[in-house]
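Student: Listed below, chain by chain, are the residues.
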Amino acid sequence: MNSNLISSNESALLLRIASGDELSYTLLVEKYWQKVLQHALSFVKYYPVAEELTQDVFIQIWEKRNKLSEVNSFENYLFISSRNLIISHIRKKLIETDSLKGEKLQELFFKPDEQYEFQELVGIINEGAALLQEPRRSVFLLSRMEGRDADYISKELGIATRTVRWHLLQALNFLRNYLHKHYNINLLTLISLGLKFFS
Amino acid sequence: MYQKGVFKELMEQFISGEITSEGKTMLLEMLDNPQYSEELDAILRENFDSVEIPTVSPEVTKKFVKELREKMDASSKTKESSVISLFNWRKIAVAASVLLAIGIGSLVFFQNRDQSPVVVAPRLADDRDPGKTGAILTLSDGSKIVLDSVGNGLLANQNNTAVSKKNGGLVYKAGSGAQVVYNTMTTPRARQYNLELSDGTKVWLNASSSITFPTSFAANERKVTLTGEAYFEVTKDKKRPFRVSVNDMQVNVLGTHFNINAYDDEATVNTTLLEGSVLLAEKDKKVLLKPGQQAQKQKAGAIVVNDNVNIEEVMGWKNGVFYFENASLQKVLRQLSRWYDVDVVYEKGIPSRMFEGEIQRNLQLSQVLKILEKNKVHFKIDGKILRVMP
Numbered sequence: 001m002n003s004n005l006i007s008s009n010e011s012a013l014l015l016r017i018a019s020g021d022e023l024s025y026t027l028l029v030e031k032y033w034q035k036v037l038q039h040a041l042s043f044v045k046y047y048p049v050a051e052e053l054t055q056d057v058f059i060q061i062w063e064k065r066n067k068l069s070e071v072n073s074f075e076n077y078l079f080i081s082s083r084n085l086i087i088s089h090i091r092k093k094l095i096e097t098d099s100l101k102g103e104k105l106q107e108l109f110f111k112p113d114e115q116y117e118f119q120e121l122v123g124i125i126n127e128g129a130a131l132l133q134e135p136r137r138s139v140f141l142l143s144r145m146e147g148r149d150a151d152y153i154s155k156e157l158g159i160a161t162r163t164v165r166w167h168l169l170q171a172l173n174f175l176r177n178y179l180h181k182h183y184n185i186n187l188l189t190l191i192s193l194g195l196k197f198f199s
Numbered sequence: 001m002y003q004k005g006v007f008k009e010l011m012e013q014f015i016s017g018e019i020t021s022e023g024k025t026m027l028l029e030m031l032d033n034p035q036y037s038e039e040l041d042a043i044l045r046e047n048f049d050s051v052e053i054p055t056v057s058p059e060v061t062k063k064f065v066k067e068l069r070e071k072m073d074a075s076s077k078t079k080e081s082s083v084i085s086l087f088n089w090r091k092i093a094v095a096a097s098v099l100l101a102i103g104i105g106s107l108v109f110f111q112n113r114d115q116s117p118v119v120v121a122p123r124l125a126d127d128r129d130p131g132k133t134g135a136i137l138t139l140s141d142g143s144k145i146v147l148d149s150v151g152n153g154l155l156a157n158q159n160n161t162a163v164s165k166k167n168g169g170l171v172y173k174a175g176s177g178a179q180v181v182y183n184t185m186t187t188p189r190a191r192q193y194n195l196e197l198s199d200g201t202k203v204w205l206n207a208s209s210s211i212t213f214p215t216s217f218a219a220n221e222r223k224v225t226l227t228g229e230a231y232f233e234v235t236k237d238k239k240r241p242f243r244v245s246v247n248d249m250q251v252n253v254l255g256t257h258f259n260i261n262a263y264d265d266e267a268t269v270n271t272t273l274l275e276g277s278v279l280l281a282e283k284d285k286k287v288l289l290k291p292g293q294q295a296q297k298q299k300a301g302a303i304v305v306n307d308n309v310n311i312e313e314v315m316g317w318k319n320g321v322f323y324f325e326n327a328s329l330q331k332v333l334r335q336l337s338r339w340y341d342v343d344v345v346y347e348k349g350i351p352s353r354m355f356e357g358e359i360q361r362n363l364q365l366s367q368v369l370k371i372l373e374k375n376k377v378h379f380k381i382d383g384k385i386l387r388v389m390p
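So the sequence lines, in the order shown, correspond to chains A and B.
Letter by letter, the first sequence follows residues 1 to 199 in this note's numbering.
Letter by letter, the second sequence follows residues 1 to 390 in this note's numbering.
Calculated from the structure, these hints are not laboratory results.
Don't take every hint at face value.
What the hints assert, rightly or not - Each computed DSSO-like pair below joins lysine-lysine, with the alpha-carbon atoms no more than 30 Å apart:
1. A:Lys92 with B:Lys331
2. B:Lys66 with A:Lys31
3. A:Lys64 with A:Lys155
4. B:Lys66 with A:Lys181
5. A:Lys35 with B:Lys4
6. B:Lys63 with A:Lys31
7. B:Lys299 with B:Lys318
To be verified - Some residues of chain A that are not near chain B, with every Cβ distance over 10 Å (derived):
8. Arg65
9. Asn126
10. Leu172
Glycine included, C-beta positions come from ideal geometry on N, C-alpha and C.
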């Protein structure tokens, strides 16, 4: 989006925003919102919250727009602007207790009247997973459908543990986006139903 | 003890979702330790630089910008006073009815400290009574029963299903071998009603609405059709999903509490979940709701899920109040139009005013208008027409 914004123009754009130009601000948001959102999603893990955090980052940027005239690298400024918000969300997630840890997907839907939702969800997740490239797809399936840890997957697929985790993160982010985009199902709903694959 | 490797490992486990609860506790402590802030920064930075960015459609970006704008507007609006707060309604309502009563030289008394004021006064030439309990029931053979005036007791027996009036509502009881036949309950403007279906499911029907339902349900599903607005408390039955058809949309549930607002003159069809879970389906679109969420289906077909829905506002009608939150004049008057059976005419454009607060639904229309007039709008009741004056 707006890839015609080249960086030499960017400092001019920042100056215009600093002087209160809302149109320039919109261009900036359009260009960078996905970067912030995807970054936040890795840690926040829940699409609507990541989206809200992204809004807060950009609101802050507008409220402190007079600072933009001194910014050399906007990407760097953006990173710092999102940093504290993300860290406080990591804290929040670490405090949450996960009583569902270690249970298998099927067992989480043990109530008969949840079987209906369960089947819907598995279908939707499989649809999304089918769009992943290998080895990302296998990493996801082994981790989340078979409950294997990163070490096991590393040996099984012959790739480094770090790489396994990197693929897993990208696969999870992809599916978070996919579910949000196609079904408007947000992950908390799934988690509240007992599906804790994505947390 | 500084354990950079452990910190890094724990962060990676956190990101990939493998972290144990012991790991979480440990990581939380490390995050509070400034020793690790440099390492944390590096991990965040690596993710920031390497995270994959999907291509999104311009519409998605537009939607984000629009919502961002709304959020910014909302936070600046609280500083302005363009919204007059109508909270403390009860107090204002009392004051307004006292004012009104003095104006026409009459007596006001209170039934009870906690209850709303009752104005005993000669009727104004042009005023409208609030709506009340009532509906029209159309039986399977086409015959109609006006439910406003009938007393408690058995009303009809259709193919072995008894329908009777009980405590101001309707109750269906299916006998053995009951056949599936359909009834329709219709509320005109200024009437609302409640009924209990043969499976025990309770339905509250708001004004200007209708529900068509079988007197006893089939073995594999429970299907009803709705227009207007209703609140459902569906009895759990895992073998028979409960389906509400609203236009082209289907709301599928097993046992939950939810409200559907599907008036033709509202911009969106809103399904609000209070308890349990529901699955909305329309053609290939599916939306699963969790309690506290509201799905807003636009006329064009898009379904948006709102997480920050005010349940009090949604359920106001069932609880005997109009509840407004940031509501435009039109939105307010659409509700009054249904409850007081009036048509709204804007004499000179639509004033842009916002309303917030609650007003009891048992007030006379003139009393409600008095309250609204505090927000610099003027009304005239002209028979069944409510005129908004310049």
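Student: Hints first: check each against the structure and report whether it holds.
Tutor: Cross-check of the supplied hints:
1. For a cut-off of 30 Å, the pair hint linking Lys92 (chain A) to Lys331 (chain B) is broken: about 38 Å separates their Cα positions.
2. With a C-alpha separation of about 15 Å, the suggested pair Lys66 (chain B) and Lys31 (chain A) falls inside the 30 Å cut-off, and the hint holds.
3. A distance of roughly 49 Å separates the Cα atoms of Lys64 (chain A) and Lys155 (chain A); the hinted pair therefore is violated under the 30 Å criterion.
4. Under the criterion of a C-alpha separation no larger than 30 Å, the hint pairing Lys66 (chain B) with Lys181 (chain A) is consistent with the structure, at around 17 Å.
5. The hinted pair formed by Lys35 (chain A) and Lys4 (chain B) meets the criterion: a straight-line CA distance of about 28 Å does not exceed 30 Å.
6. With a CA separation close to 14 Å, the supplied pair Lys63 (chain B) and Lys31 (chain A) stays within the 30 Å bound.
7. The hinted pair formed by Lys299 (chain B) and Lys318 (chain B) meets the criterion: a straight-line CA distance of about 25 Å does not exceed 30 Å.
8. Separation of Arg65 (chain A) from chain B is adequate, the least Cβ-Cβ distance of about 12 Å exceeding the 10 Å criterion.
9. Taking the minimum C-beta to C-beta distance to chain B, about 14 Å, the non-interface status of Asn126 (chain A) holds against the 10 Å cut.
10. A beta-carbon of chain B comes within 10 Å of the beta-carbon of Leu172 (chain A); the shortest separation is about 7 Å.
Hint compliance for this structure: hints 1, 3 and 10 are broken, all remaining hints hold.
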